[in-house]
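Participant: The listed protein sequences derive, respectively, from chains A and B.
Position one of the first sequence corresponds to residue 37 (our numbering), numbered consecutively onward.
Position one of the second sequence corresponds to residue 392 (our numbering), numbered consecutively onward.
None of these hints come from the bench; they were simulated from the model.
Just so you know, nobody snuck in bad clues.
Below, a list of computed lysine-lysine pairs in the DSBU-like style, where the Cα atoms sit at most 35 Å apart:
no.: 1; chain 1: B; residue 1: K531; chain 2: A; residue 2: K220
no.: 2; chain 1: B; residue 1: K531; chain 2: A; residue 2: K67
no.: 3; chain 1: B; residue 1: K747; chain 2: A; residue 2: K152
no.: 4; chain 1: B; residue 1: K747; chain 2: A; residue 2: K145
no.: 5; chain 1: A; residue 1: K220; chain 2: B; residue 2: K497
no.: 6; chain 1: B; residue 1: K747; chain 2: A; residue 2: K141
Each pair of labels, with its calculated beta carbon distance range:
no.: 7; chain 1: A; residue 1: E51; chain 2: B; residue 2: S599; range: 37 to 47 Å
no.: 8; chain 1: A; residue 1: R48; chain 2: B; residue 2: P693; range: 54 to 64 Å
no.: 9; chain 1: B; residue 1: F584; chain 2: A; residue 2: K156; range: 23 to 33 Å
All C-beta atoms, glycine included, are put in the ideal place defined by N, C-alpha and C.
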Amino acid sequence: MHPLTSLICSDRCREGCIGQVDAHLANSLDKIIERSRVLTDTGDATDIALFGPVLGRAILEVSLTAICGRFDALRVLAIRRSQLAPDFDVGIRNPLAFNWSADVKGDEKAKEWSQKPNPKDIQRALLSGHFHDLIWLEAFTRLLDQVPSDRGLDWMTRLRQFDPDGFTARMRADAERLFSELSKGIHHEFVIPLTNQYDRGTVLDLLTRCWEFAAIIGITACYSPVVYNSPPHSVLDFFEGAQRSLALR
Amino acid sequence: MTSDVIAEINLVLAAEDFDRETFRKCHRFSPNDERIISKLMAHGPVLLQGSRGSGKSALMREAADRLQLQPESPAVAVYLSLRHMPLLRSSGEEYQRILCDLLIQKISSLLLESRFTFDCDPTLSSVQHGLTELATKLEKRIVLMFDDAAHIGREASLAEFFDVFRTLSSSAISCKATIYPGVTNFGNRFDVFNDATVVDVVRGEEQSGFVEQFADVVRARYPEFVATRFGTELTLEAFAGFLARSVLGNMRNFIFACNYVAESSDKTVGLPTLGRAFLDMTTRFYWPLIDEVKPKLGKYVPIVDPAREIAEAVFAECGKQQNASALIHRDIVARLSKAFEILEYVGFISKREASKAMKSGGRGTRFSLNLCMLLENVAGARLTADLYSKWNSRSDEPVQFHSRGLLLSKVVIPDLTRELEPEIFNDPIVTLKKSPAYPYGLSEKIVDRLKAAGINTVRDLYAAPDEELDRIHYIGEVRVRQLKNAVAQAVWL
Numbered sequence: 037m038h039p040l041t042s043l044i045c046s047d048r049c050r051e052g053c054i055g056q057v058d059a060h061l062a063n064s065l066d067k068i069i070e071r072s073r074v075l076t077d078t079g080d081a082t083d084i085a086l087f088g089p090v091l092g093r094a095i096l097e098v099s100l101t102a103i104c105g106r107f108d109a110l111r112v113l114a115i116r117r118s119q120l121a122p123d124f125d126v127g128i129r130n131p132l133a134f135n136w137s138a139d140v141k142g143d144e145k146a147k148e149w150s151q152k153p154n155p156k157d158i159q160r161a162l163l164s165g166h167f168h169d170l171i172w173l174e175a176f177t178r179l180l181d182q183v184p185s186d187r188g189l190d191w192m193t194r195l196r197q198f199d200p201d202g203f204t205a206r207m208r209a210d211a212e213r214l215f216s217e218l219s220k221g222i223h224h225e226f227v228i229p230l231t232n233q234y235d236r237g238t239v240l241d242l243l244t245r246c247w248e249f250a251a252i253i254g255i256t257a258c259y260s261p262v263v264y265n266s267p268p269h270s271v272l273d274f275f276e277g278a279q280r281s282l283a284l285r
Numbered sequence: 392m393t394s395d396v397i398a399e400i401n402l403v404l405a406a407e408d409f410d411r412e413t414f415r416k417c418h419r420f421s422p423n424d425e426r427i428i429s430k431l432m433a434h435g436p437v438l439l440q441g442s443r444g445s446g447k448s449a450l451m452r453e454a455a456d457r458l459q460l461q462p463e464s465p466a467v468a469v470y471l472s473l474r475h476m477p478l479l480r481s482s483g484e485e486y487q488r489i490l491c492d493l494l495i496q497k498i499s500s501l502l503l504e505s506r507f508t509f510d511c512d513p514t515l516s517s518v519q520h521g522l523t524e525l526a527t528k529l530e531k532r533i534v535l536m537f538d539d540a541a542h543i544g545r546e547a548s549l550a551e552f553f554d555v556f557r558t559l560s561s562s563a564i565s566c567k568a569t570i571y572p573g574v575t576n577f578g579n580r581f582d583v584f585n586d587a588t589v590v591d592v593v594r595g596e597e598q599s600g601f602v603e604q605f606a607d608v609v610r611a612r613y614p615e616f617v618a619t620r621f622g623t624e625l626t627l628e629a630f631a632g633f634l635a636r637s638v639l640g641n642m643r644n645f646i647f648a649c650n651y652v653a654e655s656s657d658k659t660v661g662l663p664t665l666g667r668a669f670l671d672m673t674t675r676f677y678w679p680l681i682d683e684v685k686p687k688l689g690k691y692v693p694i695v696d697p698a699r700e701i702a703e704a705v706f707a708e709c710g711k712q713q714n715a716s717a718l719i720h721r722d723i724v725a726r727l728s729k730a731f732e733i734l735e736y737v738g739f740i741s742k743r744e745a746s747k748a749m750k751s752g753g754r755g756t757r758f759s760l761n762l763c764m765l766l767e768n769v770a771g772a773r774l775t776a777d778l779y780s781k782w783n784s785r786s787d788e789p790v791q792f793h794s795r796g797l798l799l800s801k802v803v804i805p806d807l808t809r810e811l812e813p814e815i816f817n818d819p820i821v822t823l824k825k826s827p828a829y830p831y832g833l834s835e836k837i838v839d840r841l842k843a844a845g846i847n848t849v850r851d852l853y854a855a856p857d858e859e860l861d862r863i864h865y866i867g868e869v870r871v872r873q874l875k876n877a878v879a880q881a882v883w884l
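Let the hints inform the model, and build the full structure from the sequences given.
Facilitator: Here it is in structure tokens:
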């Protein structure tokens, strides 16, 4: 597996139905990362404009689904069950499908803790305020305190400049910008030449940001005590391995 | 290059003052720099943030040059330095009009030798429309690169600038701007994290290509020095890596430091050479620098003295322990935030970790300290082999400054005055005489000639047209350029 895949999906396999979901997501993500790497090395201008945004958004979506599955097995098992149902029809919108607004962003007007939220008020979206308070703040703080100063290469240098209190808000802003910029390249909204907006430099920048975003959310998840993780030295090897492997030539 | 030419080049401090050929000869870029340059060439709004001399302008200029050098490129760059006095002294609609005017002039001059024109009124909507039309005709994206866009202490017009930045950004127009850390006034319409990608220009020894980049810069700028002055005690790479780390990765200060080392009469460069250069830099460059910067900071002028107090306390304590890193409780950093930003700005300290656990509980910000200034505070003030080895390793726990500690608790931030025009404009012209604060300053004779011509203040010189200066005896075209560079260095941060 690509080190970025191992970082996001973990190299510790779970068993049973959730293990099948993990394996499928890891397999998909691995192929997408490899293809994106090949595209940056060998793609011509047209391939890059046409396929770069597709692969970038796929990296975002699959990474976030895999991370969601590590924290919230119930959510991805429910998706699995709905997709295995005999009446599942790809032509009809699946209300249980992974959804950017509900599963990633969350409700911007979520109840504050001081407002005494009840269980259904608790936001389970990955980049929501409640998820930050309960999961990311602790995980990111542990990461900052536990990673030795000589490990992590350039991505870690930048990560050390983040304030833990603002971690999730910053990741949400990055995710939304990336999602929006990539989406315009997928839906062919432009009625002006696509290669002007998605030229080689722009797409390489977008893909680089997607890889780095996925690696950051992946390594931070690995420092959360809520999920079962690989040992810290392996996690750091994956993080550094991903950077070396994805450095643009 | 002859040694005279090289010496002249090494006195040029700002990237925008180089001609293109010399710029290419003197600048080298690390893998991290290449990443930033790619972001500047790519589509999408970017704010490039870094302290004075960190290399923001060089990165922006390189990105602009690369786009010009590729005829098949999907984009065309317009590099515009906003070091322009009327902008500094205006706000609201007037600011927008002046900025639009500058943009129109710049684009028109770029199009002079083409079949295209750029005829717009100096209003935001007209320029926006004109740019979109031009991009359509060129069949290329247009990348607007605003250099020196936002300064700490000069905040009257920042809301207008970011309004322009946001309005002009579109599918055909990419806006990029360089800003200093500590800029907080983005206006009501601009959300810094949603409307742009903020990229920090930080050079740290843990980054890939750090040593190689600085060693390459020494090779490019000081070829004779490299050929004759390095022995076995200190290799070029060891020298460049240690010196770069000592000045916190700040490229401009690195060049200054190299000039100090090159001035030494030692046959080969060793630790004693470096130690003397460090102490010289501290006395003749770093402490005077804070005096030089003070009059430019507008409403933040009263914070310079507390900033100096903090620096003295932190360096004294860390010097006692020979430790190059300080972990300062976040309550202290929050209370004295502007003072810490000023210290970062002048290159005394550099924030390396936003949040780290402290032994006594709580969290703090970790800063790396400038080693030139630290050496002054070490007992004996000598750069010994042990000290060199200690400062080269990164294993030391930082010195901790707790929230209840006495060292920084006495520092008080005074109330800020209303926004003021930088004091430097009202200073007499003699202020710009060559001195530790103005190493690039004017000779006494030149000052006398300027005064005789009725140029009595820094403002008079800044505002004087080139032709007026050219008419003064013994001041020709070359000297006019030097005068303009000197006054720009004094006025701009």
